[in-house]
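Student: Build the full structure now, drawing on both the sequences and the hints.
Those protein sequence lines, which keep their order, are chains A and B.
First residue of the first sequence: 39, per our numbering; consecutive thereafter.
First residue of the second sequence: 16, per our numbering; consecutive thereafter.
By construction, these hints were calculated from the structure, which means they are not laboratory data.
Examples of chain A residues toward chain B, derived with CB under 8 Å:
hint, residue
1, Thr107
2, Lys109
3, Asp112
4, Ser115
5, Val163
6, Asn164
7, Gly168
8, Asn203
9, Glu248
10, Ser329
11, Arg373
12, Gly376
13, Gly405
Values in this document were obtained by computation on a predicted structure and should not be read as measured data.
Every residue gets a Cβ at the ideal spot worked out from N, C-alpha and C, and that includes glycine.
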Amino acid sequence: MDKKYTYFFGCRFVFTLVFTTVLGVSEILGQESTSIRFYAHPGFDYFTNPSQNSSSPYFRGGPLVLFITSKINDKVSVAGELNMHYMATTGAEMELERMYIKYDYRNYLNFSVGRMYSPIGFWNVNYNFGLILQPNISRPRILNPTHDGGFIQTRDIGLQLGGDNIGKAGFFYRVLFSNGIGRNGGLLGVPYKLGSQLSYTFQLGIEPIEDLRISASGVLNDLPVGSLTQFDSPVPEAMKSTLLTASISHMSIDKKFEFIAEGYANTHDYSVQPDKTLNGAIVYMGYKVNSKVVPYLFAEFLDFPTNDAYYPAVNPYTNQSYSSSSEYNLGLRYRVNGNLVLKGELAALNQDQFGWSSGIKTQVAFGF
Amino acid sequence: MKKVFSFLVLITIFFLSTNHSISKSPAALELAIIINKDNPIEKLSITEVRLYWMKRGTQKSWPGLKTTVLPVDRKGNIAEKSLFYKLVVKLSEAEVDSYFAAKQYQNSESPPVKLNSDKEVIQYVADNKGAIGFVKTASLTDELRSQVKLVVSISE
Numbered sequence: 039m040d041k042k043y044t045y046f047f048g049c050r051f052v053f054t055l056v057f058t059t060v061l062g063v064s065e066i067l068g069q070e071s072t073s074i075r076f077y078a079h080p081g082f083d084y085f086t087n088p089s090q091n092s093s094s095p096y097f098r099g100g101p102l103v104l105f106i107t108s109k110i111n112d113k114v115s116v117a118g119e120l121n122m123h124y125m126a127t128t129g130a131e132m133e134l135e136r137m138y139i140k141y142d143y144r145n146y147l148n149f150s151v152g153r154m155y156s157p158i159g160f161w162n163v164n165y166n167f168g169l170i171l172q173p174n175i176s177r178p179r180i181l182n183p184t185h186d187g188g189f190i191q192t193r194d195i196g197l198q199l200g201g202d203n204i205g206k207a208g209f210f211y212r213v214l215f216s217n218g219i220g221r222n223g224g225l226l227g228v229p230y231k232l233g234s235q236l237s238y239t240f241q242l243g244i245e246p247i248e249d250l251r252i253s254a255s256g257v258l259n260d261l262p263v264g265s266l267t268q269f270d271s272p273v274p275e276a277m278k279s280t281l282l283t284a285s286i287s288h289m290s291i292d293k294k295f296e297f298i299a300e301g302y303a304n305t306h307d308y309s310v311q312p313d314k315t316l317n318g319a320i321v322y323m324g325y326k327v328n329s330k331v332v333p334y335l336f337a338e339f340l341d342f343p344t345n346d347a348y349y350p351a352v353n354p355y356t357n358q359s360y361s362s363s364s365e366y367n368l369g370l371r372y373r374v375n376g377n378l379v380l381k382g383e384l385a386a387l388n389q390d391q392f393g394w395s396s397g398i399k400t401q402v403a404f405g406f
Numbered sequence: 016m017k018k019v020f021s022f023l024v025l026i027t028i029f030f031l032s033t034n035h036s037i038s039k040s041p042a043a044l045e046l047a048i049i050i051n052k053d054n055p056i057e058k059l060s061i062t063e064v065r066l067y068w069m070k071r072g073t074q075k076s077w078p079g080l081k082t083t084v085l086p087v088d089r090k091g092n093i094a095e096k097s098l099f100y101k102l103v104v105k106l107s108e109a110e111v112d113s114y115f116a117a118k119q120y121q122n123s124e125s126p127p128v129k130l131n132s133d134k135e136v137i138q139y140v141a142d143n144k145g146a147i148g149f150v151k152t153a154s155l156t157d158e159l160r161s162q163v164k165l166v167v168s169i170s171e
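Tutor: Following this line, the structure appears as structure tokens:
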């Protein structure tokens, strides 16, 4: 309870700091380019599960996300993203998703310092909580944040080097030196958890034609005994965690056909126990009928390792147990305008412990 | 009867005439695409204007200027904006808003500055090396034209 109290007020402090810093800088420099946006995406789900003899109509409130960007000068920009949400298990929470400053030296070299999304695949760095931009309703389960049942760490604090559109192949890269697993809970970047090793993340890719992006990523974490996982529990023994991803995507504002396909393999290499690997894959395909209407298909497959002591029996935030799953969604997206998008999906979800559920999902995603 | 006949003849002559003021269509809207005077680029095709204004691919910075492209837009629902979106950007306003919102969310890139008048656009382009904007050609008086560089004109 004390921790939650501290965390909550710590978040308020960070929120105030982010808000006043960005506004203050903007005011001082007279910048016209400071932008403050809010994103939200409430919705309604109705699922039935014959094997559990249950049905569950459910309104989803979703978070309120504050997103601020500003150009300090021609080369330097800052961004902050604050996620305010309510969890049934932990109450009201604020979470700093991003807070970084970026220096664009040239197209082939930029530096970012702060808290940012790990450059793994396409989905994780492009959508996240601005769901008005996301082509479907729900984030892939494998990329969910830890407090929402997620499996891997998707954000980190560190220094990132990157570059885009290099050469005719449109080569791009990201290299992130960061605190790594379990060392990102410290507000303002001060790690309060154990572990002494930095994490290394790299992404290499090409964009041979506009908006067709092909990439591979890797995240390496060395976790000695005593390190904590992202679930706040100690690692079972000294281990290495290696996440490898492959991604191909074509998401263009002016092309009819859009798709994303990504694969994930997160291996826990234990010093004594046998290795365990979590595998995941997501596929999205959509077709723009016109500038407003896009029918689409989204599927996700998750092969969860059995008896991997790294994961808690249940997620401490959601009280849900981890398991393998497969999910299929047939959806329709309707863009009312640039600030309002409506989505509806027919969904089928198969989880190991619950069997098949099916139903509908709806979402009103907006920005203001 | 004679008066009626005369009236009909006059009406017929009036509408058959190709030079009367009522049948004349309003002057076609012509846009001038302008950049900063210090930008070494002299001419741009409509496709290039689109790429630079949308900051697509490698067109995020100006060659020879090493400055980020600063696209300038107009506030409100005005004819020159509609024409620019239709002929150059080739997207609806909602799509343009979504496109720049995505760039902002993903890369902290600022969306286009939206200004109130042609005069403001010309002033902004004159003051910022990386700027590119559109104004009515008629708004470019000799005095204002000397402050910016016109790279291409577009009309319906």
